[in-house]
Amino acid sequence: MAILEAVQVTRKAYQVEFPNDWCPGCGDFGILSSIQQALAGLGILPHQVAVFGGIGCSGKTPYYVHAYGVHTLHGRVLPFAAGAKLANPELTVLAVGGDGDGMAIGAGHFVNMGRRNIDLTYILFNNEVYGLTKGQASPTLPLGLQTKSLPEPNIQGRVNSLMLAMTSGFTWIGRGYSYNVKQLVRLIQEAVRHPGLSYLEVLQPCPTYNNLHTKEWYGGKDRPNGQPRWYDVQEEGYDPVIPEGADEETVQAKLAQFVEKAHEWGDRIPTGVLLVNRNISTFEERLAERIPGYPASSPAKRPIADGEGQSVAVLDAFFAELAVE
Amino acid sequence: MAILEAVQVTRKAYQVEFPNDWCPGCGDFGILSSIQQALAGLGILPHQVAVFGGIGCSGKTPYYVHAYGVHTLHGRVLPFAAGAKLANPELTVLAVGGDGDGMAIGAGHFVNMGRRNIDLTYILFNNEVYGLTKGQASPTLPLGLQTKSLPEPNIQGRVNSLMLAMTSGFTWIGRGYSYNVKQLVRLIQEAVRHPGLSYLEVLQPCPTYNNLHTKEWYGGKDRPNGQPRWYDVQEEGYDPVIPEGADEETVQAKLAQFVEKAHEWGDRIPTGVLLVNRNISTFEERLAERIPGYPASSPAKRPIADGEGQSVAVLDAFFAELAVE
Amino acid sequence: MNHSNSELSWRVGGPQGSGVDTAARMFSYACAYGGLYVFGRREYYSNIMGRHSYYDVRVSASRQPTSHRETVDLLVSFEAETLARHVLSTVAGGVVIYNVKDEDTPLERITFLDRRLREDLTAHLQEQGLPPTTAGLLEEARRRGVQAFAFPYDEIIAALADKLGVHKSVAQRTLNTIAVAVSIGMLEYDAQCLVKALQKIFAGREKIVRLNVEAAELAYEYVRTNFDFEHFAFRLAANGLPESPMLLLNGNQASALGKLAAGMTFQTYYPISPATDESVYLEGHHTFPLRQGGTGSVVVVQTEDELSAITMAAGAALTGARSATATSGPGLSLMVEALGWAGINEVPIVITDYQRGSPSTGMPTRTEQGDLLFAVHAGHGEFPRIVLASGDIVEAFYDAAQAFNYAERYQMPVIHLLDKNLASTTMTVPPFDVEAVTVERGEVAVAVPENGHDPFPRFQPTENGISPRTLLGQPGTLHWYTGGEHTVYGRVTEDPAVREQQMEKRMRKLEVASREIPPDEKFKVYGDASVPLTVMSWGSNKGAILEALELLSADGIAARLVQVRLLWPFPAEELTPYLEEANPLVVVECNYSGQFARLLQECTGRAPEYLILKYNGRPMSGQSLYEALKRVHAGGAERRIVLRNPLE
Amino acid sequence: MNHSNSELSWRVGGPQGSGVDTAARMFSYACAYGGLYVFGRREYYSNIMGRHSYYDVRVSASRQPTSHRETVDLLVSFEAETLARHVLSTVAGGVVIYNVKDEDTPLERITFLDRRLREDLTAHLQEQGLPPTTAGLLEEARRRGVQAFAFPYDEIIAALADKLGVHKSVAQRTLNTIAVAVSIGMLEYDAQCLVKALQKIFAGREKIVRLNVEAAELAYEYVRTNFDFEHFAFRLAANGLPESPMLLLNGNQASALGKLAAGMTFQTYYPISPATDESVYLEGHHTFPLRQGGTGSVVVVQTEDELSAITMAAGAALTGARSATATSGPGLSLMVEALGWAGINEVPIVITDYQRGSPSTGMPTRTEQGDLLFAVHAGHGEFPRIVLASGDIVEAFYDAAQAFNYAERYQMPVIHLLDKNLASTTMTVPPFDVEAVTVERGEVAVAVPENGHDPFPRFQPTENGISPRTLLGQPGTLHWYTGGEHTVYGRVTEDPAVREQQMEKRMRKLEVASREIPPDEKFKVYGDASVPLTVMSWGSNKGAILEALELLSADGIAARLVQVRLLWPFPAEELTPYLEEANPLVVVECNYSGQFARLLQECTGRAPEYLILKYNGRPMSGQSLYEALKRVHAGGAERRIVLRNPLE
Ligand SMILES: Cc1ncc(C[n+]2csc(CCOP(=O)(O)OP(=O)(O)O)c2C)c(N)n1
Ligand SMILES: Cc1ncc(C[n+]2csc(CCOP(=O)(O)OP(=O)(O)O)c2C)c(N)n1
Ligand code: SF4
Ligand code: SF4
Ligand SMILES: [Mg+2]
Ligand SMILES: [Mg+2]
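Same order as they appear, the protein sequences are chains L, Y, E and H. Every letter in the first sequence is one number past the one before it in the working numbering, and letter 63, counting from 1, is 63. In the working numbering, each residue's number is its place in the second sequence (first place is 1) plus 1000. In the working numbering, each residue's number is its place in the third sequence (first place is 1) plus 2000. In the working numbering, each residue's number is its place in the fourth sequence (first place is 1) plus 3000.
Only true hints are included.
Derived CB-CB ranges, DEER-like:
#, chain 1, residue 1, chain 2, residue 2, range
1, Y, 1019, H, 3240, 44 to 50 Å
2, Y, 1217, H, 3128, 52 to 58 Å
3, H, 3237, L, 321, 26 to 32 Å
4, H, 3203, Y, 1217, 30 to 36 Å
5, E, 2284, L, 15, 38 to 44 Å
6, L, 245, E, 2284, 54 to 60 Å
7, H, 3240, Y, 1214, 48 to 54 Å
8, L, 321, Y, 1211, 20 to 26 Å
Hints in this document: simulated from the structure, not taken from any laboratory. Here the structure is a predicted model, which means the values were calculated and not measured. Idealized CB from N, CA, C, for every residue including glycine.
Turn these sequences into a full structure, and let the hints steer you where they fit.
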């Protein structure tokens, strides 16, 4: 992540005039606002940021952030974002998308992106449904539940995206809740600051199609104590960090602790920073070992032609390998 | 899994005359032989079996099994196999493929197939390389290793396919080794017998391209004690079963135990049955709740026309819903 | 000036999610219950709530309308955006009914009004010295002879709440019913028909029926007592109902029902507009009785993506299940590799492609005929496939069924092209005849248990290229499938001679299909079959063209339509006589580059003299086509005519 | 009967993994070091070890051969399968050298011999009263005037092991060197050239060089003393080396080098034959000096699939990096959706498609020109793209570079069509001129920091449709990209008028490209430019056609070749004069359905009189084309001529 100079940037700099067409009360608004606040708070200038979106209600987010915005293809947000980041490592790259986008059609990229640990942040808007196609079950909806537009109860099981992120190798994993903007801003900032691949799941009520896990449900309105179902693990002293150079045992203990948290659900839903692995090199670092000068001399920036538009590549050594001489 | 009648079937029934073009010494031979022995031992007749293969050296397996064999597309073996199984639940369906096939291009299907728990068995031949395309790194090759046909050390991290299987919801997970045919036969038979989605990873040396994790390496020839690196967890009393109706605590404990095993590597590589979850309904059971008569009246078998070739569907009720009457 | 029983074009608009569809269903059923013919056209954004959607219902007592009209006779609105977008389309003599609240809303306050449209409207009003507000638009309309009535929605709702003792928010939900009842009132149409419609739509929910009936009565009453609609040129009168009740349905439903009739037992899908509704309909209608007793069923699987959808469908097809998947352009793009697999393995599967505004994500909820050349050429390398396109909802039903016969007869993938226009168009149609649906399973190898262990030559070359098909699980017919070139047993081979043999065998089937499929399944000729003015087209333009032909005919201009339904293999030979006589030849399609014309030229060498195209995401109307064809007939029209309407 | 310095067709065969390629490289370099022109053609199975592969090296002292020959002058073999497959292709006067062990192997013992071939060979031998064994084949050959020599490979290896005191298994590794040395000996060619070749190939591995030189000497000696090759019609003599040393390389390398010359800095790939070698070559050559100092580099990413490959490349392109991906048919099939995204977002990316035997998995290591119509039509909906195809290795280099200029000038995806034939063909070529490679970046918007926060109209319509391109990260040019239809700022819109504007803007670029690209980049005319006998073709057939034209010319038959290089936008207008004069018009391509001919007819209405096709996965040879064209010229040939060779 590249913060060129910490200047005063206000949230307003990240707001747009383009009309927003999410449903009233949609959880996406909280996430959008958090992204804007987080970026402003980090002092990054809008043109230094590229927000990539998948396809879905969530995928429209880039339209609503005043930064370079790329509305990609369903399921492909991560490779698009990774290509931009590797080509211009100075960019701050955010990828956002829905649970269908990320866990169904995009699951293969999710798993394999974890292997790379590229320095970008992926925010998944988990509303358990396919919002934009009118409420079908998404891979995060538990088996047997029947949200209101399903003709039958959900016949497929749920993917635990936190577990999947850990298994895939994401080095920063957190979870937020769309109506806890204060925490969400902090989480996004930490995720962006983390040098490596960050995964932030956001629990996002969809008032239009998900009549089960609503704002009220997350807020615990139906519970005897009326307390929210979600809680902040950091408030309970949870330490997610696997420090640099940690030994195998520490790593395993941290992972075990994470697995336990990742499986908590129902009346206690953990939010906060759940795993930070400082033990893994970034893809950019690995590239720099191959390519001297990377990232300074990046694919986007290195000269390829002279003033006359002639190629500046000197390939003599490669020709010599093949030459009959 | 459908075992119509337990008859005497010999391994020979599953052998073919078609010439096999794997490299001499390839680990695939042991897996092939195990599949043949396992099916014969289960008393299933060849025509009741359909073996689906991905694309790769491993993907050629169906050619070498005397049963219905379907050589599919790279990465798509699971959906192909699932379609056949759901349409004709009487079939015994095996899906096989390489680590590239299953963990790279096929990873999205792997994750989402876990959500369904369809009664079929998936065997992944893990040689850590792309065999058939001449030895590129596959997603299971650890970061930084350089097998002999890589121009540079592997720049991407490793996916732990056992963890991925668990995370995705596979209800039977095991690991075998291609040169331990006796164990492998048993594992395949258990996997096939398991009513639900089974994942069997087989450690498969590729003598041609993987010069690091060779038969000798697995066999521990380089170790002071000369003992194999792999061991059988069952011999150490490991109990993988989450029984039907298990409580949350038991489930979590079993999962924790699995996670630990799944991370073991190096000088101690667990093989055997690592997880059996009897707590999850199969997709076929879920379908039967929707569709009375399923699986007996399956998509492949139910009548659709009369003797004259006229449709037998009676759609009057559906028409009435729309009718102006 | 009463046009009782005449044709009417009614439009209702409002924000997505506010029940515009329900209003249109009410109005459509109300008309249909009067024995009238109904045609409904829906326009909406790729959005869940808030953006503008509208619905045109065209009604006629005398004939089935087969396209929408771009002008409106009666516009009902309950919010300002609808006024802003549609008042300009209302005809002289027509009526606009609007919410009294929206009387004077500045255009710039309407959030979702496209900037381009706002600027155009503002300029237009400015020319007339009118302000850029709804008031300006209403005034402009009045000057053009449109009557505009302010309707006090809030008052009526308050009255309703009062009367029934329900909360205002409950009463508010009848907004659409009120809008429809107002329309019915304006048209002096039989209010009982609306009551029947409400009973149909809210069947089983008695309270809601009562609430809505009450609302309708209040609104109806209000109109009858307060509005002076003497000068409104339109009236509707109920006919008697036809003997066998008509169906009122859309293309998604017609295709789904056709598939069920055909005995499809397995369908996969990944949600995508405008295809999803077909699969969701099937999910909600998965079991039904069989004529010989027992239960029929279809297994519908929502997959993780379209790669999975088509490969899972193919896997199912190998077992003998009639198997299909339904998608739209982006999904079809992801299915290409597996299409080739089905081709080389001679697997009968049906792919229903609902074309939509493209390329890429394009305009997901708008129509287009942009996938034709792609459907014909999709896939690396060469393999046989069949591509057919339906012209209307009735064809959608029978073609959806026939697609399986083609797939199984010729053992190849069949792409059935529909589009957003057909998907969401609603029409009254005579009931479908399920028993007329024949099921042809093609050549299936019988199980030969005595064959024991010998491999079965699944891909044995034959004269017509068709080899008996086997089913996974069948005894005595063991063999292999592979995406690689293969021997007769399905084992991979790279032998040059076997390659040629198998390639030729597969491609031969296409020639056979081309020979066997009767001409009238390939194309249909409408209008005056002997005149030179020839319109050639495909897919959902059919209805609009037929209307245009009628309008031309009323002007004394004879023309004919050749509607090509089998696009691949292309019926080049049978079309030759028509092409030779055609003068001029006019190709009509909803895309930019004249894809059908390109295909025609590829296959016959003949290029059309005129291309009439539309590519703004909206379907063609009969009227606009009529005007274009008139210009063609008059001579001197440009070779490439683009139909445009910035107000759609 | 010495043909010293004449042309020679040499073939070596053996199981995959046994070093056949290395043998061919040795022989090729040995010839090239003698100043001879070399053309190498490789055939191999989709297999790692064991299946049969072979390599043809055609050598000439006087001219660059540009296609292989289907007949062999000198066949070297060290195992029975090579004999079984190739003895029949050896010409009278030619020589077969075989391992003495393989003298009498029954065909049915040769595991990987295709059943079809075994049966055909057996029948052929039976007709001549010969047994179905290698002995039978050798006898058949002798009867036809082929000399066959048994070579004692094992003895020589034993002698070598003895001489150098190495283990026999080490000595065994020189099998290929021995086979080559035997050939060199038979041809009385300069042994020093082989030594140079060995030094080149095993550069830096002195021990291995020595071992192989010793082996070569033993083998050479053996031949010179034991074989009576007086009657062998072929000799090779070294020429002088040209002033600037020739390169010996294949199409994969040429394309990779062209990309580096063009300043490509980002390439993604997913392994697939026959494309992988390009990317692996780049991975091994990722840094190099720059003319102005500093280091040039390319980031090569192996992705998880082709969906990722193309989208990652597109993401990189948005930052201004020259970005590409390389694949083959199945991969291209998976890239279709993203191709449309690049089209609607006007992203310059290059997709190199190495066509291979298809459809589906097809024949991964065999050649075909099966993706043309797919490349032109791939994708739902309509968007502009450029498709170009190279005719030979030299064109592959310059086209790979030019593709980026097209992509950036017109801001659209460019598909560069190559094929397996070009990928694995090796040729001596004059060194490439990197400084002649111009880099045209098209219109790029300069950063306008003073624009501050205002959105930038990235997609502003212009007369030529091209709007200045922006780079992610650039100040003052903020805007959006979307696969949806969009406004000038890249925000999604469904406005009908804006849709039309943007669609027209995008498609206009294609017309502009068509106008701007000079005719000689679009197609090249070879042979006698004024004669009516016109061969039209595209891609890698070029070399074979040029040879056929020369052979025809020697017979006094004048013909010309129109090689179309820009396939889309199709140069219909510029081709018209050639099409009008063409009589007959003969289209030549390596596929089943005459895809180029179909495209030609689609775009010009003109169908060829003759189609010469080959679709068995092997490339055309000049000789076979010559024969077909002779028949065409003589009149009465069938309209569709299929080139076949069951022995390839
Ligand atoms: C290839 C492809 N298939 C299907 C679609 C249709 N589609 C649009 S959005 C969407 C899913 C949206 O669900 P999710 O990703 O959870 O996002 P949400 O709308 O819930 O935020 C789908 C399937 C598409 N655009 N592209
Ligand atoms: C869509 C597609 N992309 C690429 C390929 C090329 N390909 C063939 S096999 C293979 C990978 C093989 O590796 P793996 O799956 O690990 O199997 P193995 O050969 O190691 O058994 C690839 C990439 C293909 N056939 N299809
Ligand atoms: S459908 Fe759900 S997720 Fe989409 S905008 Fe509406 S509330 Fe939000
Ligand atoms: S390349 Fe490796 S995996 Fe493939 S057949 Fe050879 S040894 Fe086996
Ligand atoms: Mg969602
Ligand atoms: Mg592998």
